[in-house]
Amino acid sequence: MSETETVIDLEHLKKSFGKSEILTDINLKINRGETVVTLGKSGTGKSVTLKCIVGLIKPDSGKVKVLGKNIPDLSYEELQYMRKKIGFVFQSGALYDSMSVRQNLEFPLMRNTDLSAGDINKKVEEVLNDVGLSKAIDKMPAELSGGMRKRIGVARTIIMNPEVMLWDEPTTGLDPETTRDISHLIVRMQRKYKVTSIVVTHDMICAKIVSDKIVVLKDGAYSEPGTYDELENSKDEFVRSFFEEVENDENAELTNYQPSSIDKKKYRN
Amino acid sequence: MLKDILPTSVQNMLLETWGLWNFALRFFREVFKPPYNLNELTKQFFQIGNKSLGLVGITGFIIGFVLALQAIPTLQPFGATSLIPSMIGLSIILEIGPVISGLICAGKIGSSIGAELGSMKVTEQIDAMEVSACNPFNYLVISRVIATTFMIPLLIIYADTIALLGGFIALNFVSDVSIGLYFRSVFEAISISTLIAPVVKTFFFGFTIGLVGCYKGYNADKGTESVGIAANTSVVISSLMVIIWDMLAVQISNLF
Ligand SMILES: Nc1ncnc2c1ncn2[C@@H]1O[C@H](COP(=O)(O)OP(=O)(O)OP(=O)(O)O)[C@@H](O)[C@H]1O
Ligand SMILES: [Mg+2]
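These protein sequence lines map, in sequence, to chains G and Z.
The first sequence lines up with residues 1 to 269 when you count with our numbering.
The second sequence lines up with residues 1 to 256 when you count with our numbering.
Check the hints yourself; a few may be wrong.
To be verified - The calculated EDC-like cross-link candidates involving lysine to aspartate or glutamate, where the alpha carbons are at most 20 Å apart (straight line), are:
1) K135(G) - E177(G)
2) K85(G) - D127(Z)
3) K218(G) - D236(G)
4) K69(G) - E130(Z)
5) K19(G) - D221(Z)
6) K58(G) - E130(Z)
7) K43(Z) - D97(G)
8) K222(Z) - E21(G)
9) K222(Z) - D97(G)
10) K85(G) - E130(Z)
11) K213(G) - E237(G)
12) K29(G) - E5(G)
13) K213(G) - E244(G)
14) K41(G) - E224(G)
15) K33(Z) - E77(G)
16) K58(G) - D221(Z)
17) K192(G) - E5(G)
18) K33(Z) - E78(G)
19) K43(Z) - E106(G)
20) K84(G) - E130(Z)
21) K58(G) - D127(Z)
22) K33(Z) - D114(G)
23) K84(G) - D127(Z)
24) K29(G) - E163(G)
25) K65(G) - E130(Z)
Everything labelled a hint here was simulated from the structure, so no lab data went into it.
Using the sequences plus the hints, can you model the full thing?
As structure tokens, this is what we get:
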């Protein structure tokens with residue numbers, strides 16, 4: 001139990017759905033308090049990897065060790081116990097539609113802790129404040145915008161104070177300012193509680209702020225991990241492509257297409 | 001080997017039956033395990049009962065009314081009008097009331113549970129409960145199945161009562177039998193022992209309707225169309241099961 005305790009350890013993780021092999025050989029070690037950002041194209045299996053870690057999807061083979069336990073080997077009770085230490089922010093938010101924001105946040109606390117009503121209330125207000133949505137407390141999920149739903153999803157997860165956090169695109173679809181707020185929240189949780197995190201994102205602002213290490217998922221396996229600066233100057237063009245700014249997008253000429261450059265001769269007559 | 005011989009539809013049916021059977025086993029394993037969700041249970045009791053009162057009442061009334069109307073021209077020429085209450089009573093309480101109300105509940109309650117849990121599954125709400133260590137089976141399935149198991153029999157008793165009233169009103173057009181006499185002749189025709197099978201089977205109806213709806217919703221696939229499929233198949237399967245239970249109940253009560 002020294003400084004470098006391995007909290008998440010994925011070894012040769014494999015998963016296919018029917019004939020399509022999604023994950024072929026996932027290997028990753030994350031130490032306590034580290035934040036690893038996963039990049040990768042849409043549909044390559046980033047969410048599937050996170051779901052394997054939390055036991056929602058059973059891998060075909062390989063080890064998924066969290067806090068020393070191999071998740072696929074656990075009984076349902078042991079898994080439930082483990083899940084109290086793991087927080088999962090869903091890409092879709094996954095708010096309980098039939099409950100108000102307050103009830104959404106209270107739900108895991110009421111079922112998993114012995115806190116008094118007053119303490120629960122205090123925590124609810126605290127996390128809502130963290131995500132900047134204190135005024136939404138009595139709204140129903142259907143009344144919230146996409147970005148607000150996402151932030152409530154974040155609040156519902158951090159309210160349990162998990163040791164391990166899995167963030168599935170926590171900032172996608174948010175404006176730059178809220179993106180920074182959420183990213184700083186991730187960093188704050190890491191500093192304050194030594195939370196170990198995996199953050200799946202396409203958002204380079206967020207990646208830059210939160211990452212200790214970055215890995216890129218391609219063809220079912222992770223690239224060599226590196227820091228933001230290392231990967232930005234990586235020799236691998238595919239890895240580098242995630243860091244390129246919009247201005248040097250190879251399709252930029254399409255967006256800058258000027259109607260004045262239409263072949264005028266064609267319309268002369 | 002079995003896989004090569006049997007057509008896919010039969011295989012699917014067997015798989016479905018196996019899945020439902022395991023789901024039922026899980027229900028019995030977990031039903032007494034804490035935490036107990038009294039709030040959710042009360043909410044489900046209220047919703048399931050309250051939502052169906054109107055529909056079940058109206059159909060019950062019409063059935064009783066029509067049954068009496070049809071019996072009158074057949075029996076009146078023989079001067080057997082006095083037999084009509086017991087005839088209506090027997091057929092409503094033993095057979096028509098439970099089966100028709102059961103089928104209506106399968107349609108109304110089964111589909112709503114299937115659609116509700118199906119959409120929770122599709123939008124990952126069930127997964128979200130799972131990962132926050134709040135056993136969704138305990139919270140969602142157990143409360144709903146208990147609620148249907150006890151609420152649907154009550155709804156059926158209510159439907160039977162209204163059907164008997166409907167029969168009384170129809171009968172009143174041709175003879176001036178009093179309501180007291182009417183109900184006395186209805187209950188004279190029925191002994192407690194004949195009541196056992198029709199009452200017990202309604203609990204089976206209720207249990208099956210809840211269980212099938214939850215099973216189909218809980219195991220819905222990804223994608224919005226699967227919400228519709230979940231609702232639809234729950235109605236189909238639970239209606240079929242209601243008929244099968246009914247048939248079994250008749251067979252068993254004939255043994256005694
Ligand atoms: N439960 C499932 N059953 C079958 N196929 C699945 C399932 N879950 C995911 N897949 C498939 O696995 C692949 C990877 O999905 P995943 O959701 O992990 O992508 P992703 O990398 O998170 O993409 P995005 O960035 O768009 O969220 C997809 O092709 C998807 O069709
Ligand atoms: Mg994803």
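Consistency of the hints with the structure:
no. : hint              : verdict
1   : K135(G) - E177(G) : holds, 18 Å
2   : K85(G) - D127(Z)  : holds, 16 Å
3   : K218(G) - D236(G) : holds, 12 Å
4   : K69(G) - E130(Z)  : holds, 18 Å
5   : K19(G) - D221(Z)  : holds, 18 Å
6   : K58(G) - E130(Z)  : holds, 14 Å
7   : K43(Z) - D97(G)   : holds, 15 Å
8   : K222(Z) - E21(G)  : holds, 18 Å
9   : K222(Z) - D97(G)  : holds, 17 Å
10  : K85(G) - E130(Z)  : holds, 13 Å
11  : K213(G) - E237(G) : holds, 18 Å
12  : K29(G) - E5(G)    : holds, 10 Å
13  : K213(G) - E244(G) : holds, 18 Å
14  : K41(G) - E224(G)  : holds, 16 Å
15  : K33(Z) - E77(G)   : holds, 12 Å
16  : K58(G) - D221(Z)  : holds, 16 Å
17  : K192(G) - E5(G)   : holds, 17 Å
18  : K33(Z) - E78(G)   : holds, 16 Å
19  : K43(Z) - E106(G)  : holds, 18 Å
20  : K84(G) - E130(Z)  : holds, 10 Å
21  : K58(G) - D127(Z)  : holds, 14 Å
22  : K33(Z) - D114(G)  : holds, 18 Å
23  : K84(G) - D127(Z)  : holds, 14 Å
24  : K29(G) - E163(G)  : holds, 16 Å
25  : K65(G) - E130(Z)  : holds, 19 Å
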